[in-house]
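**Q** These are the residues of each chain, in order.
Protein chains: 2
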Amino acid sequence: MRRPEKYTPVPVRETGVDIINIKGIEDIGYAQQDSILLNALVPEENTHCRQGLYFQDGQRRVDYVLTYHIKKQSSSRRHSSRLTDNAFTRSLRRGRVPPPKGDPEVGAQEHSLHYHEDDKRFCRDEFESSLMEMGLELEKDEHTKTPGVGFVKIHAPWHVLCREAEFMKLKMPTKKVYEVKQGSNLVEKINTFITKLTEPLHPNVEENRIQNVKHLSYPFSREKQHFLLANGVYMAAYPLHDLLYEEWASYSVFYKYQPVGLIRKYFGEKIGLYFAWLGVYTQMLIPASLVGVIVFLYGCATVDDDIPSMEICDKRNNITMCPLCDRACSYWKLITACGTARASHLFDNPATVFFSIFMALWAAMFMEHWKRRQMRLNYIWDLTGFEDEEDHPRAEYEFRVMQKALKKEHKAQKVCKLRNSPKENLVTASICAPQIGVTFAIVFGVIVYRISTTSALYMSSNPTTRSNVRLTVKTTAAIINLVVILILDEVYGAVARWLTILEVPKTDKSFEERLIFKTFILKFVNAFTPIIYIAFFRGRLVGRPGSYLYVFESYRMEECAHGGCLMELCIQLSITMLGKQLIQNNLFEIGIPKLKKLIRYIKSKRRAFQEEEQDKKLQRYETDHFLEPFAGLTPEYMEMIIQFGFVTLFVASFPLAPLFALLNNIIEIRLDAKKFVVELRRPIAARAKDIGIWYNILRGISKVAVIINAFVISFTSDFIPRLVYQYMYSPDGSMHGFVNHTLSYFNVSDFQEGKDPLEPTDLEYKVEICRYKDYREPPWSPTPYEISKEFWTVLAVKLAFVIVFQNVVMLMSDVVDWIIPDIPKDISVQIHKEKILMVELFMKEEQGKMQTLESKDSCNNHSPVPRPRSFPNSHTND
Amino acid sequence: MRRPEKYTPVPVRETGVDIINIKGIEDIGYAQQDSILLNALVPEENTHCRQGLYFQDGQRRVDYVLTYHIKKQSSSRRHSSRLTDNAFTRSLRRGRVPPPKGDPEVGAQEHSLHYHEDDKRFCRDEFESSLMEMGLELEKDEHTKTPGVGFVKIHAPWHVLCREAEFMKLKMPTKKVYEVKQGSNLVEKINTFITKLTEPLHPNVEENRIQNVKHLSYPFSREKQHFLLANGVYMAAYPLHDLLYEEWASYSVFYKYQPVGLIRKYFGEKIGLYFAWLGVYTQMLIPASLVGVIVFLYGCATVDDDIPSMEICDKRNNITMCPLCDRACSYWKLITACGTARASHLFDNPATVFFSIFMALWAAMFMEHWKRRQMRLNYIWDLTGFEDEEDHPRAEYEFRVMQKALKKEHKAQKVCKLRNSPKENLVTASICAPQIGVTFAIVFGVIVYRISTTSALYMSSNPTTRSNVRLTVKTTAAIINLVVILILDEVYGAVARWLTILEVPKTDKSFEERLIFKTFILKFVNAFTPIIYIAFFRGRLVGRPGSYLYVFESYRMEECAHGGCLMELCIQLSITMLGKQLIQNNLFEIGIPKLKKLIRYIKSKRRAFQEEEQDKKLQRYETDHFLEPFAGLTPEYMEMIIQFGFVTLFVASFPLAPLFALLNNIIEIRLDAKKFVVELRRPIAARAKDIGIWYNILRGISKVAVIINAFVISFTSDFIPRLVYQYMYSPDGSMHGFVNHTLSYFNVSDFQEGKDPLEPTDLEYKVEICRYKDYREPPWSPTPYEISKEFWTVLAVKLAFVIVFQNVVMLMSDVVDWIIPDIPKDISVQIHKEKILMVELFMKEEQGKMQTLESKDSCNNHSPVPRPRSFPNSHTND
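Those protein sequences? They're chains P and W, same order as listed. Reading the first sequence from the start, the letters are residues 1 to 878 in the UniProt record's numbering. Reading the second sequence from the start, the letters are residues 1 to 878 in the UniProt record's numbering.
Do not take every clue at face value.
Looking from chain W toward chain P, a few residues come up when the C-beta cut is under 7 Å (computed) [to be verified]:
no., residue
1, G445
2, K789
3, W792
4, L795
5, V802
6, I803
Think of the hints as simulated: they come from the structure by calculation, not from any bench. Bear in mind the structure is a predicted one, so any value in this text is a computation, not a measurement. All C-beta atoms in this analysis are idealised placements derived from N, C-alpha and C, irrespective of residue type, glycine included.
Could you build all of it, start to finish, from the sequences and the hints given here?
**A** Below is the structure:
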């Protein structure tokens, strides 16, 4: 079952960073068994492992590793700094030691200050002594096979873990178990049936078996230690890392649920929540894509019954349309738009309206479902009482404060606090705005490209070219857009980070939130501007024959093909979405890390040219040098959020979006899993109760989606004009005559000079009246070409639809939000039960204690509290 | 300073119900000093007091009183039951004793079961013994001067309080204090200045002095007792009750802030939060009413510059209008509407639009401000870590379950759980719906009244009557509406309670929430239906001359006066709002309790006729019998929420609403205060972190307010038609000609038979064409009387305005929500600081302990934990 040779370069436990950020104490339950298992199963590898996993004495485990440079070399400075920064800020602050000047993030500024090697050594010594004061045990190793890098291995003894657990009020399972009742008979039977049915979908992991008993949890307290720390809770059959590799980070298990509990145990709550969220999202995409496919199929099935497109394709309707461009284009027959009209029906039919309402509710359901899932995880992971951890001041910020203080000292001996002055925010805004400006400019550029290419191609004499003009231009323009989006995405990511660093936020959390917000705004604008242009502006600012609108005084604005712009919106959407997913997510995510690893490997090879064999004999903590450091979950979330935007924002025009998203995500989960397990250094386990700012962004997108879909349906699709025609103008209440109704008349003698077609007799008869798509008065009315009453009627109905749609959907979402309780029923029942049991347990103990006290009180003043530290120190004794 | 004779009938402390719902432990800090003060200041009253306040031994305080009937008498059953229900459910459940069958709420069902007196006595004995098992001390008193009522006085000893505090994780101030930093220099100075400025506004209470030190708080733990319970925190100069009476429950301090901390200490967090909320709301009403008054004054100031009303009042504009009713009415001159038109301008001017945007943002600000205040109170009251208390199952529910079980037992010996079956919900819905139907029917009735009276009055020959017709009808109709609303309000309150009792909700909380929700829906519909009718339906379903709409085939639907329906909406609003406030809130709230008290007093007088002197010698806990029991905060909140609805929902039409609300609330606060201090039994202190469901209802109202105001501005006011005229139709861009533009033409020969005026020559000339307010084609167009293009144009603009207004205001509210952090900056800084200090404190102790341990470990195994219970039991020792 164990095949360690398969993934030796992987960090198994030696990056397990569980000391000060106290997760370790929970791991102890199985860490013990784990090491025993190592001994039992792989004795031949054990001696090798022990070298990296334990101190020289072979007893104390290495919980954390710090690295530093012995001589001036610049290869792995960032590594050292990152690790130090996160794990020891707290102990630093508590110990009141100034941060070591060789500290990581500060390191970037280091060159300007020119600290000497001795200074750094002094700082390190001070830092290390403060660590030891906190009770940690250190071991230095400067003579490894990696030249120029010194390692400090850190071990956190049992009593330090206990103390920290108590400070954090970490909830621990107690020895007391209770039975989880399974509800009434019918519900129980259904549950059992579902469990059996989904049995093959669960990962092959012990923890997923449904258990009928649960351990009570209680905040860790050394006084109550005798209750706590139920051993044998975790019955892992073999080490966690291998389990995750086989049952999670593999494409072959794509159809299975994720072992979220194990992910959390190995990577911490924050990453666990990400994967749980991704799982819920993917799961929720299944019904959405099913309905989307049905809606699409409905469109396909009804395409032959659609009266407007039948009318367009009917040869008896001999409608002459006005030219699509000045001079070069001639009049054309409406029947040539037959194909487009039929294709438009696929995405522009009454089912689309239903689908966008469905998706708005789906989004609300998804948010609710996630809240419940999060609550359930909080309960299972014993986070229910956990308050957010304090916000660590960023080293960068502290460094800047210090720097400012030093400067001031020279002048007035006065310390001044560094604040986020409005000036700095202004700078950010003034840099962000041009970024968005760039996006707009590029979109505009693409529009101009499209207009000019179209007219150029129309002028071509090749008839095949001319007939394919529209499709060619659309597709190339969409691809250009995609490429631009991909490039700008990378640029914007860098810009956002740079801007946020400029701002010098005070704490880690505020840094992260500012960065996320900026990145989100830029990337969102980047991804959706071209789409919004097509949905709402294209074809609306055209003018009318005889008085067209011109860009640069020569290019006419684009019109939409007959049948609304929905078709083009759809093409643009699908190309952007698929392209982004395929190229950016998959290619970049797989390709770039592999490339980086290769480069790092080659570099080290060159340096260690003389020690060719080195690689094989490296300690575990040395091999980890060649892995990419963990850079936060932001890119992963961002990718999914933008995808969520594609799925909800314009879903009215592209019902297949959820399906594409689903297919992508099935791969994405395993891809991310592989990345975390194999490609990256094991991240520091961070606690979190929720997904933070991302939840708010999701909510924001869902809200915006409602209004955007309302506008897409009423303004981009032909839904409302059809309705209005059918119920207000149609002589027989059917759709017959709709096409004629939407086309206005134009007298060709009213063309401006020099704008009329060069070849007016292209259609082999003289055209006197041509038609164009708009609601305007005919030439023979008293007010020719004025906007007609029909226009205002349709507009009023469109706007009324937007109001009704928006408010009804918002109301329904609120009702969904209100009906579904945030805390699942069974969880709230269990929490309630646990509370009562806990009180009962302590009451019983209380009474016992009282009796003991009373009986002993007469003799001496012996303490009734069980002696602390009498609990066997299982860690150091093994 | 002390005037105890002034409010002897008031419960000073004997209803202080602080045992099991553990608040008492906090009171101990000053209770000690308090009783000493009693001794020192009023020695002559003390002996009298002690009889009621203490057990017979004069040592142990009475913390809680239970009453029961010795013989069959039905006067104060509910009292006993209420008290028992709330305070002892928990201990009951813990002790696993079945609830005593003589239990309060169950008492209502008691008659049907015919328990014998012996049964009851047995139950009581069982209940009392379980109380004693929990460590409480009891004293019975069956021989009081109140005949037929037995009293059980309960005392909670110190160790019980400690135990319960620990279970509840009650946060206590520790002995450790730290300095609260005052920010930078400038901020500090401003703060000091503001403090000085508002000095006279603060109640004359010790706790309001700004303190520069704060005690650290920590969840109570007997192990850590030596840190905890800082004495002397509360420096009350004289008892809390008197302080509250003088500095809070008095109209003379109406301009001062409320002593919220003291209210909380005396009544518990739940009631404290209500008054804090009321205070914040009233405070926020000040800017709103200021702006409202300015907007109103702007209307007054610009009434002479308003071109449309100038045109109406201009004698040169000789416009003949179509008759307002069939047959009886004749043609009339537009100039007669001059007064109404000018009055309409007061409420229908551009400032109104600004004001409704302002009020929407105001509502958002209010919600935010309250969240912050709540957070601050949570922090000050040490509730930050407090999780919601478990939900007590209702005795009523348990009783029903038992009943069902007993029934089943006869049949199949099987226990079945009582659930809220969908059937029961259906019943509720089917009873609620008719209630709303009744409201609609009554509104319709009032409409018919108005229509019929109008036509009847028009027929009167008295010219003065005829000229005042409109005003008379409007006002009487509004008053009828008000009376109906007032009556239905009481009916609906009772119906909602009855329905909720029928549903038998499982827990207290769900009972309360269901009741609130139902009451809210019914009262809200009741209050706002007539207003919504006037705002959105009146004058819209009129038809046109020659083809009017008729009700009952004879009454024409009402039209609005010229200048929109806004004026009438305004009258209706002001009458409803003022009437509701004056009659319902103040008259009912002051009058009814006084009346009830009088009745109860007379009753007891009659019964105790022979013991005339009894009253003066009654024990404190006996006098409390004659006070009204506390019935929950629901009515108080409900009243304010409906008022909030008036202030926000239709504020576009009535900018003075906030002012009226403000004036009402200034009285309301003191009125409620008086009620709580003097008229009601002291309520059981309940903990709460927030205002619960009310917050959601407030949010809901704010959301609805945005859309309703958007519709009021665009559909009820003339704002949009004016805009459209000015920018689309006006020949010179001014408002001149607007009145003419809004009036359509009607050829009098097109009247239906029998509908034309009886006296067509009333105006002394023959009328051929009359005008009416609508956008329709003139008689000479090809489609006479059809809806014109202008109508659709205006409609489209109106709808567009609604969309823009709604989304812009919602966006702005979200931005307000997002910009203002939920936790005030200084509080989050302090919380962070406290955490660090607490860790430091324990770390220091830790190290000290370790050293002691090490030095002693060599000698013997003495426990390093300080001996528990060594803390002086300040309660029993005084």
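**Q** Hints first: check each against the structure and report whether it holds.
**A** Okay, the hints, checked on the actual structure:
1. G445: 29 Å, violated
2. K789: Where the cut-off is 7 Å and the nearest Cβ of chain P is about 4 Å from W:K789, the hint holds.
3. W792: 4 Å, holds
4. L795: 4 Å, holds
5. V802: 6 Å, holds
6. I803: Cβ of W:I803 sits 6 Å from chain P, so the hint holds.
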